[in-house]
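Those protein sequences? They're chains B and A, same order as listed.
Per my numbering, the first sequence starts with residue 1, numbered consecutively.
Per my numbering, the second sequence starts with residue 115, numbered consecutively.
These aren't lab readings, by the way, just hints derived from the structure by calculation.
For every residue, glycine included, the Cβ atom is placed at its ideal position computed from N, Cα and C.
These stretches of chain B come out as covered by chain A in the derived footprint (C-beta under 8 Å, 3 or more residues):
id, region
1, 40–47
2, 54–65
3, 105–111
In silico DSBU-like links for lysine-lysine, alpha-carbon gap of 30 Å or less:
id, chain 1, residue 1, chain 2, residue 2
4, B, Lys-42, A, Lys-182
5, B, Lys-42, A, Lys-185
6, B, Lys-78, A, Lys-220
7, A, Lys-156, A, Lys-220
8, B, Lys-83, A, Lys-220
9, A, Lys-156, B, Lys-57
10, A, Lys-156, B, Lys-42
11, B, Lys-83, A, Lys-156
12, A, Lys-156, B, Lys-78
13, A, Lys-156, A, Lys-185
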Amino acid sequence: EPEVTQTPSHQVTQMGQEVILRCVPISNHLYFYWYRQILGQKVEFLVSFYNNEISEKSEIFDDQFSVERPDGSNFTLKIRSTKLEDSAMYFCASKGDTMNTEAFFGQGTRLTVV
Amino acid sequence: GESVGLHLPTLSVQEGDNSIINCAYSNSASDYFIWYKQESGKGPQFIIDIRSNMDKRQGQRVTVLLNKTVKHLSLQIAATQPGDSAVYFCAEKGGGGSNYKLTFGKGTLLTVNP
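Isolated chain B (complex conformation) (with noise of 0.2 Å):
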C-alpha cells in the first residue's frame, strides 16, 4: 500500500541552527502538507502545497519556516533557525486530487531543539 515517509524520525538539533526536514508523499498526490503536534497537544496546520506553489499557510509559518518540492518526488520543510520551541512531531502529509478526500500522513520527525 502506498505510504507517505518521513526522514529522519528523529532530528536533535541545537537552537538557532537550520534543519531540513524530508518526506516523500505518495507519488500520484497533488497536494502536499506540513502539520506539527507539540507534545501532549492536537495537530497544528502549517502549510499546503499545490501546483508548486504554497497555496496556505498558517500564523505558525512564518519567515523562519520554508517549503520546497526540489524533484518531483521530495519535499522539504526547513527550518532557518531553531528555537526551544519548534520541539514537536512534524508530520507530512499528501492526498490525490479531488479536494474532499482524506490527506495520508507519514509516521512524522520528532525535532528536538536544544
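Keeping the supplied structure of chain B fixed, place chain A upon it in accordance with the hints.
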C-alpha cells in the same frame, strides 16, 4: 472563529462494547470531516470521512454521524478491540473559507480494557 473540539478527553470501554466518540465544530461552512486514529509515536491514520451533504456513513466496524443542525460529529466503533486503543481526532476542512487545510480537534484517548 473556527474551532473543532471534543466533549471528552478520555474514554475507557470494555473489549466488545461499542464506543462513541464525540466532536463539536463551530464553523457551519465546513464541508468535509474526517476521523483519524493516532497510535503512540505514529502519524494520524485515516478511519472514515463524511461530506457535509451526508448525515451518516458506515465503514468496517465504524460509523460516522453528522448533525449539521447542532454542528456535532460522532464516531461509533462497534465491538471495540484492544487494537482500537489510541487517540482519536476529528478534523474539518473548509473552515474560514479554506479549501486546503484540515483543522484538528484536541483528541480523545480511547482505552479498551480486555
